[in-house]
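Go ahead and model the full structure; you've got the sequences and the hints to work with.
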Amino acid sequence: AAPAHPTLPQPHSLTEPPDPMRITSPAMKCVPQVQLLLPPTFKSNPRLSYPALYLLDGMRAATSYSGWTKYTDIIQTVDKAEFITVLPIGGAASFYTNWEKSPEPKNAMQWEKFLTVELPNVLRNHWRVNKSAGVAGLSMGGTAAVNLAERHPSLYRFVGSYSGYLDRAAEGMRAAMVVAGAAGGPV
Numbered sequence: 126a127a128p129a130h131p132t133l134p135q136p137h138s139l140t141e142p143p144d145p146m147r148i149t150s151p152a153m154k155c156v157p158q159v160q161l162l163l164p165p166t167f168k169s170n171p172r173l174s175y176p177a178l179y180l181l182d183g184m185r186a187a188t189s190y191s192g193w194t195k196y197t198d199i200i201q202t203v204d205k206a207e208f209i210t211v212l213p214i215g216g217a218a219s220f221y222t223n224w225e226k227s228p229e230p231k232n233a234m235q236w237e238k239f240l241t242v243e244l245p246n247v248l249r250n251h252w253r254v255n256k257s258a259g260v261a262g263l264s265m266g267g268t269a270a271v272n273l274a275e276r277h278p279s280l281y282r283f284v285g286s287y288s289g290y291l292d293r294a295a296e297g298m299r300a301a302m303v304v305a306g307a308a309g310g311p312v
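According to our numbering, the residues represented by the sequence shown are 126 to 312, in order.
Okay, derived cross-link-like pairs now, PhoX-like style, lysine-lysine, Cα gap no bigger than 25 Å in a straight line:
id, residue 1, residue 2
1, K226, K154
2, K205, K195
3, K154, K238
4, K168, K256
5, K205, K168
6, K238, K226
7, K238, K256
8, K231, K154
9, K256, K205
Cβ-Cβ distance ranges computed for the label pairs, FRET-style:
id, residue 1, residue 2, range
10, K231, T166, 34 to 40 Å
11, F283, H251, 19 to 25 Å
12, T197, R249, 23 to 29 Å
13, D292, H251, 33 to 39 Å
14, R249, Y196, 28 to 34 Å
15, D292, N250, 32 to 38 Å
Calculated from the structure, these hints are not laboratory results.
Just so you know, even glycine gets a beta-carbon here, dropped at the ideal spot from N, CA and C.
Printed below as a string of structure tokens:
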């Protein structure tokens, strides 16, 4: 089944993040939330399409908000930008990959499929996102951004990693990830 048609989030101000939209995800077997920060011309110029910048949270990604809107000035930073900022909510300790066996009973943890197939289709079909996209993330999200861009090079023209674990096989990295994941769930 195709993801449900999302509704337009409330217009955002420079101090408050927009209400997240919920997207039915057959892959995730749940309804993940996503916040969109829209460009200033989105409503006034309905014929324009926009690039998207996906920003992924770190190891302790919350289930009710994006760390980018709570702990950074991302709303003010992209306020005049002519692209759509896409902020998936959730994914703690998931590395935004497809899990063989999810530790969460109400979430199949198929993040990669959601982020690379389902969400881009919803954004193209309902939010005028064009095929130009970038992906970046903080810590675990930075690792995921590089991995997603490497596995899906036709989807992304830009990739950024802020303190990502780019070589998970490096000496001591497994132990560091276990310590980092202790409060966020399995690594």
